[in-house]
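Undergrad: Residue strings, one per chain:
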Amino acid sequence: MTTQAIKTTTMTYGQAVCDGMAVEMRRDPTIYVAGEDVGMFGGGLGVTLGLIDEFGPKRVRNTPLSETAIVGHAVGAAMAGLRPIAEIMFDDFLGIVLDELGNQAAKARYMFGGKVAIPMVLRASCGAGIRAAAQHSQSLEAWCAHVPGLKTVAPSTPVDAKGLIIAAVRDDNPVVFLEHKTLLNIQGEVPEGEYIVPIGKAEVKRQGGDVTIVAWSAMVAQALAAAEALAAEGVSAEVIDLRTIVPFDKEAVLESVAKTNRLVIVHEAVRTAGFGAEVAAVVAGEGLDLLDAPIVRVTAPDTPVPFSPVLEDAYLPNADKIKAAVLSLL
Amino acid sequence: MADQRPQGKTNAAGGRSPKAGGRKAKAAKLVETTGLRPDELIGLLQRMMLIREFEEECARLYRAGRIRGVTHTYQGQEAVAVGVCSTLNVSDFITSTHRGHAHVIAKGGDVNLMMAELLGKATGYCKGRGGSMHIADMSQGILGANGIVGGGMGIAVGAALSSKMLGRDTVAVCFFGDGAMNQGILHEVSNIAACWNLPVVFLCENNFYGMSASVEDTLACKEMNLAGRAAAYDIPAATCDGMDVIDVHLATRAAVERARGGGGPSYVVCTTYRFLGHHVGDPLTYRDKSAVDPWRLRDPIPNFAGRLVADNLATREQVDRWEAEAKDAIARALAFAEESPDPDPSNLTEDVFA
Ligand SMILES: Cc1ncc(C[n+]2csc(CCOP(=O)(O)OP(=O)(O)O)c2C)c(N)n1
Ligand SMILES: [Mg+2]
Chain A
3 MTTQAIKTTT MTYGQAVCDG MAVEMRRDPT IYVAGEDVGM FGGGLGVTLG
53 LIDEFGPKRV RNTPLSETAI VGHAVGAAMA GLRPIAEIMF DDFLGIVLDE
103 LGNQAAKARY MFGGKVAIPM VLRASCGAGI RAAAQHSQSL EAWCAHVPGL
153 KTVAPSTPVD AKGLIIAAVR DDNPVVFLEH KTLLNIQGEV PEGEYIVPIG
203 KAEVKRQGGD VTIVAWSAMV AQALAAAEAL AAEGVSAEVI DLRTIVPFDK
253 EAVLESVAKT NRLVIVHEAV RTAGFGAEVA AVVAGEGLDL LDAPIVRVTA
303 PDTPVPFSPV LEDAYLPNAD KIKAAVLSLL
Chain B
652 MADQRPQGKT NAAGGRSPKA GGRKAKAAKL VETTGLRPDE LIGLLQRMML
702 IREFEEECAR LYRAGRIRGV THTYQGQEAV AVGVCSTLNV SDFITSTHRG
752 HAHVIAKGGD VNLMMAELLG KATGYCKGRG GSMHIADMSQ GILGANGIVG
802 GGMGIAVGAA LSSKMLGRDT VAVCFFGDGA MNQGILHEVS NIAACWNLPV
852 VFLCENNFYG MSASVEDTLA CKEMNLAGRA AAYDIPAATC DGMDVIDVHL
902 ATRAAVERAR GGGGPSYVVC TTYRFLGHHV GDPLTYRDKS AVDPWRLRDP
952 IPNFAGRLVA DNLATREQVD RWEAEAKDAI ARALAFAEES PDPDPSNLTE
1002 DVFA
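First to last, the protein sequences are chains A and B.
Position one of the first sequence corresponds to residue 3 (the numbering used here), numbered consecutively onward.
Position one of the second sequence corresponds to residue 652 (the numbering used here), numbered consecutively onward.
All the pointers check out, no bait thrown in.
Listed next, with one range per pair, are the computed distances between beta-carbon atoms: (1) A:48 - B:686: 49 to 55 Å; (2) A:114 - B:948: 57 to 63 Å; (3) A:295 - B:716: 40 to 46 Å; (4) A:55 - B:972: 49 to 55 Å; (5) B:846 - A:148: 31 to 37 Å.
Keep in mind that the hints were calculated from the coordinates and are not lab data.
For each residue, glycine too, the CB sits at the ideal point set by N, CA and C.
Between the sequences and the hints, there should be enough to build the whole structure, so can you do that?
TA: Have a look at this one:
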């Protein structure tokens, strides 16, 4: 961003999201937060803890248990000059709010001939790994990606969580912001004050020459662990964190594949019609001549998320599965 | 596990037996006001005890890290699940919630299979795939606990429609909380159930909180008259004392009888309280520490036990023995669960489609 040394603070991913919201709320009084238990309780997963102390109940609004109203009212508020940050506890509850999100927020601008903007953020926790079972564990970024007019981001680190929430709040479009529940408590150094990570920009997390591994959200750490294990076997993997799902940074992926000629895509979501299929289609369509091997996906199987720890562990993609997939290509 | 069925053969709705005939002079009181036989009344107490012990064990297991994920327990609300389900037949339906263990036990669920499910075992109700929030038992008409608040509402109404379409006399009871009152689908299903005159009972457990959100702050209802909402759909409604198993039983029985008799849907709101947190581990920062004290004095289990004793339907020794039996049943359930194998991950992808 700037050339000056940036002052940083150690904080968790969840705190980084909160810090980013607070930075923006200080700057712009039209920004407010609305969701179940977001006040004193800090939201379903504690992300908004402390926010109400600074901004009060008018701008940190506890809602009734009414997801449809949480998202629906945000669309109207955004049309009428506010910048809502709506929270639903789990992305699984997208099932309840898809009309408000997909038919209203996403489409208004286009339908109305570009005459309106919907500057709203919808935050939700996503992902499995805490034994929360089938209705509290999904990774539904592909649902959002399939609706033109929505942006979707899924940060993997505290620093990106802060930079992307600020970018999302400043964006004049509806942005779905997915916070992986197993990442909420990881710590990192986060820049103080205004710090932006642009939406639509992937990041190369590790350089390598033999294979490109594309991942996002909680799978980035697994991809990096796999890359580390592969390095010990003499395989050099490049790891790209997509960070934003839509708009998809295809240039970053194609550039990497041009160097490595092999592509492994990792996501925690189920396989069929997951966003990995889109990544694969773009690379196959625009970079077939770059590829020396078939594109491989490492994903969850096409089932709901099971409860039992032994089943959930078997269900989830992990570093070992990624490593095996890479080795199958070499 | 025969003792785990809801009042066994005797719980047919409308199946209240004729007056017990006053063998003991004082036995007349509860028996007369309820029309229930002494063994049925005792069954209500035993079932509440079984639920309490199950939930206490769950909380212990969760704190010890042996139940994973999230678990919502029911201590304090036992009179609701038991009072309601004691009016139902095995073939009647219920839909349950995230706080569903008690509904399952009260409707005739098997605590062994439940405990195995909570521990994620292959022998559990859902083969370990569902966990605490997703227990179902089709053989008992239990159409599932639910992880989505309001998720059971549409299902209950569909089950009620099946009764009409298939020419059966079954009733569906839809359990939900005060928080769930604010889910949009409740409006839609209430209206459709009234329009189609469906045999469904919308059974609201008002424990004053949905997570940290109090009813006062989030429910637009004058004087806490949650049942008043039913008037908008011309649905009859009753509010009852959710700490009193008899009051719950009688209010629900009237609604169930109306539904079974072709009188359409009802609302029953049970005023109750959860003694503990929203889930095991909830710090309860949003509730005054002492707020629970008056409710604990109204604990449905010792209070109802006291009434049975006062009516000469039971002795203190019997009450103590029943409590010990409930503890034993839960200990056996835990042993069953612990001895059970984990699910085989190679079956992970089965059961996605019929
Ligand atoms: C649609 C939906 N929104 C939010 C949640 C998270 N959540 C689970 S239980 C609960 C509170 C429910 O309150 P209430 O209906 O009163 O039932 P109680 O917990 O008091 O039994 C919330 C907000 C959820 N599971 N589903
Ligand atoms: Mg409640």
